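Asks: Listed in order, the protein sequences are those of chains H and C. Okay, so the first sequence: first residue is 1 according to the working numbering, each after it adds one. Okay, so the second sequence: first residue is 423 according to the working numbering, each after it adds one.
It is worth saying that the hints were derived from the structure and are not from the lab. Fair warning: this is a prediction, and the values are worked out from it, not measured in the lab. Among the hints, a few may not be true.
Unchecked claim - Computed spacing ranges between beta-carbons, pair by pair: (1) H:E214 with C:R603: 44 to 54 Å; (2) H:Y205 with C:T779: 42 to 52 Å; (3) C:P511 with H:A14: 35 to 45 Å.
Said to hold, decoys possible - Selected chain C positions facing chain H (in silico; Cβ < 8 Å): (4) D455; (5) T458; (6) V461; (7) S463; (8) I486; (9) S487; (10) F492; (11) P498; (12) N518; (13) R519; (14) V533; (15) L644.
Here a beta-carbon is modelled for each residue, glycine too, at the ideal position from N, C-alpha and C.
2 protein chains.
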Amino acid sequence: MKQTQLFTKTIKEAPKDEKSINAQLLIRAGFIDKLTAGVYSYLPLGLRVLKKIENIIREEMNNISCQEVFLPVLHPKEIWQKTERWQYPEMFKLKNRQGKEIGLGWTHEEVITPLVKKFVKSYKDLPVFVYQIQDKFRDELRAKSGLLRGREFIMKDLYSFHQSDTDLERYYTKVKKAYFRIFKRCGIGRQTFLTLASGGAFSGYSHEFQTITEFGEDEIYLCQKCKLGVNREIIQKEKYQCPKCKGKKLVIKKSIEVGNIFKLKDRFSKAFDFKFRDNKGMEKFVLMGCYGIGLGRLLGAVIEIHHDEKGIILPKELSPFDLHLLDLGRKKETEKLYQDLQKQGIKVLYDNREDKTAGTKFVEADLIGIPWRIVVSERTLAKGCIELKKRGRPKIEFVKIKHLPQFLNEKLKTLNAKQKCF
Amino acid sequence: MKQTQLFTKTIKEAPKDEKSINAQLLIRAGFIDKLTAGVYSYLPLGLRVLKKIENIIREEMNNISCQEVFLPVLHPKEIWQKTERWQYPEMFKLKNRQGKEIGLGWTHEEVITPLVKKFVKSYKDLPVFVYQIQDKFRDELRAKSGLLRGREFIMKDLYSFHQSDTDLERYYTKVKKAYFRIFKRCGIGRQTFLTLASGGAFSGYSHEFQTITEFGEDEIYLCQKCKLGVNREIIQKEKYQCPKCKGKKLVIKKSIEVGNIFKLKDRFSKAFDFKFRDNKGMEKFVLMGCYGIGLGRLLGAVIEIHHDEKGIILPKELSPFDLHLLDLGRKKETEKLYQDLQKQGIKVLYDNREDKTAGTKFVEADLIGIPWRIVVSERTLAKGCIELKKRGRPKIEFVKIKHLPQFLNEKLKTLNAKQKCF
Chain H
1 MKQTQLFTKT
11 IKEAPKDEKS
21 INAQLLIRAG
31 FIDKLTAGVY
41 SYLPLGLRVL
51 KKIENIIREE
61 MNNISCQEVF
71 LPVLHPKEIW
81 QKTERWQYPE
91 MFKLKNRQGK
101 EIGLGWTHEE
111 VITPLVKKFV
121 KSYKDLPVFV
131 YQIQDKFRDE
141 LRAKSGLLRG
151 REFIMKDLYS
161 FHQSDTDLER
171 YYTKVKKAYF
181 RIFKRCGIGR
191 QTFLTLASGG
201 AFSGYSHEFQ
211 TITEFGEDEI
221 YLCQKCKLGV
231 NREIIQKEKY
241 QCPKCKGKKL
251 VIKKSIEVGN
261 IFKLKDRFSK
271 AFDFKFRDNK
281 GMEKFVLMGC
291 YGIGLGRLLG
301 AVIEIHHDEK
311 GIILPKELSP
321 FDLHLLDLGR
331 KKETEKLYQD
341 LQKQGIKVLY
351 DNREDKTAGT
361 KFVEADLIGI
371 PWRIVVSERT
381 LAKGCIELKK
391 RGRPKIEFVK
401 IKHLPQFLNE
411 KLKTLNAKQK
421 CF
Chain C
423 MKQTQLFTKT
433 IKEAPKDEKS
443 INAQLLIRAG
453 FIDKLTAGVY
463 SYLPLGLRVL
473 KKIENIIREE
483 MNNISCQEVF
493 LPVLHPKEIW
503 QKTERWQYPE
513 MFKLKNRQGK
523 EIGLGWTHEE
533 VITPLVKKFV
543 KSYKDLPVFV
553 YQIQDKFRDE
563 LRAKSGLLRG
573 REFIMKDLYS
583 FHQSDTDLER
593 YYTKVKKAYF
603 RIFKRCGIGR
613 QTFLTLASGG
623 AFSGYSHEFQ
633 TITEFGEDEI
643 YLCQKCKLGV
653 NREIIQKEKY
663 QCPKCKGKKL
673 VIKKSIEVGN
683 IFKLKDRFSK
693 AFDFKFRDNK
703 GMEKFVLMGC
713 YGIGLGRLLG
723 AVIEIHHDEK
733 GIILPKELSP
743 FDLHLLDLGR
753 KKETEKLYQD
763 LQKQGIKVLY
773 DNREDKTAGT
783 KFVEADLIGI
793 PWRIVVSERT
803 LAKGCIELKK
813 RGRPKIEFVK
823 IKHLPQFLNE
833 KLKTLNAKQK
843 CF
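Isolated chain H, as found in the complex (with noise of 0.2 Å):
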């Protein structure tokens, strides 16, 4: 995409009621624009990014047997005073013109339980795995930390369905692994802990994914020894002990939840009296888990990690583009190359714009983060080179440009392979 057909553009200062680091600078680059407290439009750069980790997410779902389904954000009050959650203070609350009461949907499990229970009498019918990636709307009392804590926010929300704790247990051990890929292939594998956390009256522990950051607005009990996070309630009752290896080195950490999962049981089977027939013909609850990540939230928590004074550096398979090109002063050559690199498919944005400086070209291209950098310039062209650089790293490369398409393949081979689904 050439630069002057996109119609944002970077933004030299911050604006002021932003406090956090992930909303500043992507609202400086212009991947997304604030509403209202809480409220962000996706704008073209933005949405690349959060399409790449809605991909991921569907590639990873679909490897573990999801099916995807897209549900509805207005939900009839019933459903909800079914499981007692009307009251819940953090739902929106509206009533439509004929005075009927609706709610806008925070999680699914209103929704789906009474759905699969539709399709599902027998053990034969089950497991069933359901997932979407949807809108989400939270009336937060204070709506902070950018992309963090939004009212209106887009989720991935997963929901199991099984005959048995076992089958429940595997599965979600299952899911476990697929989230670690996830947060992985979103560049914060390394900084991401899973986190004991309280599962409520149900269902004993749910386990959280916590990311490490200065920035976070959690904090958890590191155990140094196996790496277990634990969240502060947990671990008062533990005693200041980790509960997996015993181990007493623990050290406090800020951190940024970018996922959680939840055995739920029979607590909403029950409720919405979805029972089976298991082999014997006997009638049970079908049980349940959940299992969520919030796409904002996480392109939030990666924002945070990955960038330095000058912007993002954004991790090669989030990148809307594989390639930043600038052309300084050599448009034709610039042009040539821009095309073949496309015709290889390569993803490339290309600043072709002609009233603007080599130093503010620089500055932007830095800002936006795009993994790779390539400049022809009367100086580059003099050696019969384009010049090539990693964001984020201060080593310059001077290549052939014979010898570019050999030298990105190498580069970016990881890169095109992936990312379809539909």
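Place chain C on chain H using the hints.
Replies: Chain C in isolation, oriented as in the chain H frame:
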């Protein structure tokens, strides 16, 4: 995909409260589920069709240089007061915990206009074409006709920004053509007619795209000479004469509005004081157009047109799978064929269920409506063949298994080339 992995099942009887054919068939086939009046869930088969439509639209929008964004659902009251549309009775309204009034978006001029204003200062920054594909909400007095008139629905909405009437006019024509390509690819090109409608006080005529079907909610006057549709209001003004060719042979047809395009001119740029500097340094208001397609409604229209007494007949570009493969008791051979077909990149729904009769499998395949059906049975294998049938046509062909790849390549060749935008 193996049909045993699909959690949905077909349903014999249509729900009694669903009067429309689209909802009856889509629910019976397991494509959608009704949560409450005018609010539907998309199930795995239905979501696949929806994503096909989404990708067709995305492709055609990107082809006319549009940039995709994703705008919020929660809109602060203030932006709707600026355009004096806060009182619109179909807008769902609510208050957050701070008492702030919020409307749920049913269109996005109030969001996109001030957003694009942030980036456009001069004629050099114009034109801009921005679209999104997103959930919208309308408090309809009566939700009816299944997907044709919902309270929650998915829209593609495009907004264009121009420096002159000429430029707006040129792009408006371009979008018109793109819309016809979309409707053609969705299989309703032949039934869909450009229709003159009132554009409100500010822009004279607007255009609708009306799909003719006896189950439509709208009515148009179709000129038998030039094939222009005219809505009632306009035709009365024009004294029952075609405004284009002056022909007087007009036939009244029931129809569904699948798209509409509007010249907004300066209606919204004035409200948001959105000006640009032209090439002489003069300040002028930006001129705008807006262009909508309802994806669910489009799907509903497709079903109203493409069905028979047995069920859905999907146009090939919209089918969730290329082929429906039915095993009638020769699992080993069918399984091998399933694997081989998938290796060729053909998307197969494989009815591998062992507890269903041949009769049930045929009935369900007809209901789901995938364009091609392949049957493997004792009888076909005795001839070294499979049985191939196109949905909606009586002819059954027997094809030697070794000839199948070539045979399918010809039948399906246009299918898998397209459809990848991110």
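Asks: Evaluate each hint against the coordinates.
Replies: Evaluated hints:
no., hint, verdict
1, H:E214 with C:R603: 44 to 54 Å, "holds (51 Å)"
2, H:Y205 with C:T779: 42 to 52 Å, "holds (47 Å)"
3, C:P511 with H:A14: 35 to 45 Å, "holds (40 Å)"
4, D455, "holds (6 Å)"
5, T458, "holds (5 Å)"
6, V461, "holds (5 Å)"
7, S463, "holds (5 Å)"
8, I486, "violated (12 Å)"
9, S487, "holds (7 Å)"
10, F492, "holds (4 Å)"
11, P498, "holds (5 Å)"
12, N518, "holds (5 Å)"
13, R519, "holds (5 Å)"
14, V533, "holds (6 Å)"
15, L644, "violated (34 Å)"
Violated hints, listed in ascending order, are 8, 15; each of the other numbered hints is respected by the structure.
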